[in-house]
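Novice: All chains should be built: construct the whole structure from the sequences, respecting the hints.
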Amino acid sequence: MKAHLLFPDRDFDWSSDPPTHSETLQHDLELPILIRSMSGGDQFVQDMSSRVLLCSVTEPEAIRHRQQVLDDFLRHPEVLTDLYGTVTAALSDGRSLWGYSWSYRSPSPVLSGARQYLEMYLTHLRGLRTLADRYTRVVRSAGLTALFAEVQDQLDDDYFASVEGHLRRLRFDGGILISARLGKDNSGVEYVLRAPEREKPRLKERLGLAPRTAFSFTLPPRDHAGAQALDDLRNRGLNQVANAVAQSADHIKDYFDSLRRELAFYVGCTRLARRLEELGVPTCFPEIDPVGSRTLACTELRDPCLALQSLGPVVGNDLDAEGKPVVVITGANSGGKSTFLRSMGVMQLMAQAGMFVTARRCRVSLCTAVLTHFPREEDQTMTRGRLEEELARVAEMAPLIRMPSLILFNESFHSTNEREGSEIARQIVRALVDTRNRVAFVTHQYDFANSMVRTLNGQVLSLRSELGPDGVPNFRLTPDDPLPTAYGTVLYRKIFPEAEP
Amino acid sequence: MARAAQPRESIDTDTGRPVGRELDGARTVSLLYPPCCAVGLRHPLAEPEHFRDLNLHQLIRDLDLEEGDSEIRSVFYGTVAEVGVIRYRQSVFRDLEVPALLAGLRTFKHRLDTIRLNLDRQDRRLSQRQREGLLLDAALTYCRAVDDLRDVLHSEDVKSPALTELRYAVEVYRLSEGFRRLQDDARRVHHALAEIAYCVRVGDGGVEVSRYQGQPDYAQEIEETFCRFRQGDARDYSIEYRTPPALGHVGDRILEFVARLFPGPFSSLTEFARCHGDFFADQIRQVAWELGFYLSYLEYVNPIREAGLALCYPDVVKDSRESAIEDSFDLVLARKLCAEGATVVTNSVHLEGRERILVVSGPNQGGKTTFARAFGQLHHLGQLGCPVPGSSAKIGLFDQIFTHFQREEDLTDLVGKLEDDLVRARDILAAATEASVVILNETFASTTLDDARLLGGRLMKALLHRGVRAVYVTFVDELASLSPEVVSMVSTVEPDDPAKRTFRILRQPADGLAYALAIAEKYGVTYERLRKILER
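Protein chains in written order, with the numbering used here: chain C, 20 to 520; chain P, 457 to 992.
Note that these hints are calculated values from the structure, not bench results.
Where hints are given, some of them may not hold.
Said to hold, decoys possible - For lysine to aspartate or glutamate, the following EDC-like pairs were computed, each having C-alpha atoms within a straight-line distance of at most 16 Å: (1) C/K272 / P/D689; (2) C/K343 / C/D453; (3) C/K21 / P/D689.
Claimed, not checked - Covered stretches of chain P (in silico footprint by chain C; criterion: 3 or more residues with CB under 8 Å from a CB of chain C, positions within the stretch not fixed): (4) 574-587; (5) 664-670; (6) 674-688; (7) 764-773; (8) 880-893; (9) 985-992.
In this text the structure is predicted, and so the values were computed from the model without any measurement.
Note that beta-carbon positions come from the ideal geometry of N, C-alpha and C, so glycine has one too.
Specialist: Given below as structure tokens:
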């Protein structure tokens, strides 16, 4: 039995590490704000949500699978609440029982501990079955329909009856029957616990007319060594059965665990959806195009992190980069360039996690990785200069890039003069584009931005931020060629109004 | 000073047993010595002094030897000064390059070691029936080992005189009456016992023993009931019982009941133990012991070979002072580097005609000491008959190896240190002959440059006069051009990045020049190079 709420055909791999670049990505895109908002203070939901968010999916079917499940939960929040509640209760009840999983040196406590778990899980499995019966007609998504169908099929009444029978027999009230063979030194080996049935000796044998098929002895009451030996023997006999019972309890726990993890992601998503709705940020499920199709079109794209942080409406910008692998963003300082760059990255991640995105409409093709190259604090060891550090990060990033990736550069290579910085940027961006990656680049270097627009004809979307007529930023980006002058002087005058021009 | 050739303390090669004892008509074959010199050869008991300097003590320490085989170490301590013995062993090593032969002999040795350990370490509390069972098991393993040894040696790949002789000896033994009877009896009794299956019912304070009658496995039923919840691999909760159950008198009584339920097999076991108490043949015992030399060395060099480094059989020439060694390396260091996945740099050495001394200079940490060690290791191991690091090697037979390395102790006492250096050098000069190999590492490094130049020059002249082959690692460039018999070799650095050592030691003049700096495209993120990375 499988949860399969994140992938139609497989489990999410929680054990693997998140992509190498994740830490940088979280920092640069300010993802902790988003993830905290999903968690609502619940550490578990936070961990699971961030894992799913960072492990981008590249199969359109899997993304649609998640979108449908999430859509069910958004329409019927009670289904999610009940499911998550049952699963969480089963797991938290386990914590109040004596564990069987620490290292006992004898199988008996493992057996009795694990049997109690099975009894407890049985109650919650019945609860799960009840939920499946109740909601199976409510849900529409393939994921939840399959989950409920499986529960109804696998956990039918006969099954519950047979489990109860085993739980009774596992008390071994009438002693245990162990088979054995002769080991190298003729002592018993291959102890196997046999199903507990008892046969009476044949009549002939009881009358002493046939060869004996059984010999027995009883220990004298004070034979402590003998009693200990019997205990040892009993334990060896129970070893495999204790193992089987403990593993069974584990299997059920793992099943609940896996349900809980996957549901936690949806708990995070629904929580985020409510929050964004309160803030008046429009969301939609993006249309997904397969890897490599170079679609990118959004209406009113917003940075959810900024919205969650500023607790108010933020400006949305349209983006139409169909068939254009390079987006160059230039213009006024504090004009919302970095925010826009982030919103592109966050949108891509949310879309590829199967979530809604913060735009009114969105259509996007999938990429294999999202990478960021944002300015860093000055290298503290001072062993290498700023430019060297920037180049080293590109070199570190290069092996992580799998065509087609989305790489976001924020004011990269500004630590040297414009001639050099532009040349470096040009070479890097051209190498990336020529290997079919997508690049978005925020820059002040006119030489670079302009040459991109001129040389990569038709492959570049150039966006420019402008200040309003009063010199106040309005955070709007418009498709326009880069301008040779930055807005530094404007800003300078604003901040130092008394200074000479 | 270290000397190796004529040890004073020694032990017999075959652990005290008389050599050449007849075994059902066949002569006892040794894998270490050809028949002509099988008697009277001795191995030093203690580690020779040059072992530590050459890091060979680490090699000995890391050999995977069974407890009873520790005496094999003494074989490694010795220096074989006979080309015939070297070739005899090399041919065995060559045979062992055939994977099937190696695997077969390894299995054989492992089995015999296991039998020996099991029989030696029997618990005194075991009952008679248990002892009998263990003896039977040992005999079965022994017979299988001998049978398999015969099959292994029957291969056409056996070319060495040692293994060819052994093949004959084993064949004769296998056909002997004693072995045949041992094998037949063991198999028969074992089959009867293996059939037995019984049941024990354990209740409160009592036990009932009966024949097993096909009752189903209950753990399996449980597994089948709950496997539908399985998400992945399950943790193993079963307790790992390392020792068999200590059932004491309860166990004895159960076993007695089992013996009563199945009287036939148990009486034949008792009869077997009476007839076959001691079944080991001397030849088999000796082969197992001597194989330890070959197998432990091959085990040691295996990761190095797997990392793609070449080992070769040196051509050891009597009365020659020339060396031609290609692509050699420090075996002990290579093993460490291979384990870490690091690259091993190889170097070549040539001493031709009148050339006698290699003077190695150049930047520090450049692999000079390693180079010197490799030279010494190659000579010692090569003369043991072992395959040595390198793609090919030709060396002259030597009588002794002397090493002169910096001593760690008394670092502060410079005068004492110089004195100690000189005393050790004098001892070497006194003992070395024309056929000796001398390795000097940073000798006189603790004194001033002038002193080092003067003393080093004198020492070198004395060594040249004696005619020894030597490696002299020094920071004194001038020593490299002392005479035509001296060859200068230099540790080198990366031309682009002088901070990087190549660990390559090249035959070139010691010029002492500063190494030119050149800054490359350090991060490899130009269009061309980045594109290459992205397209991979």
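Novice: Next step is simple, just say for each hint if it's right about the structure.
Specialist: How the hints compare with the structure:
Distance restraint check for C/K272 and P/D689: the Cα-Cα separation of roughly 13 Å lies within the 16 Å cut-off, and the hinted pair is therefore satisfied. Note on C/K343 and C/D453: the hinted pairing holds, with a Cα-Cα distance of about 12 Å set against a maximum of 16 Å. Pair hint C/K21 plus P/D689 holds up; C-alpha atoms about 14 Å apart against a cutoff of 16 Å. For the region 574-587 of chain P, the stated coverage by chain C holds: 4 residues have a C-beta nearer than 8 Å to a C-beta of that chain, and at least 3 were required.
Check on the region 664-670 of chain P: 6 of its residues sit with their Cβ under 8 Å from a Cβ of chain C, so the three-residue criterion for coverage holds. Chain C is given as covering the region 674-688 of chain P, and this holds because 14 residues of the stretch bring a CB closer than 8 Å to a CB of that chain, at least three being needed. Coverage of the region 764-773 of chain P by chain C is violated in this model, with 0 residues showing a Cβ closer than 8 Å to a Cβ of that chain against a need of three. Check on the region 880-893 of chain P: 0 of its residues sit with their Cβ under 8 Å from a Cβ of chain C, so the three-residue criterion for coverage is violated.
For the region 985-992 of chain P, the stated coverage by chain C holds: 5 residues have a C-beta nearer than 8 Å to a C-beta of that chain, and at least 3 were required.
Violated hints, in rising order: 7, 8; the structure is consistent with all others.
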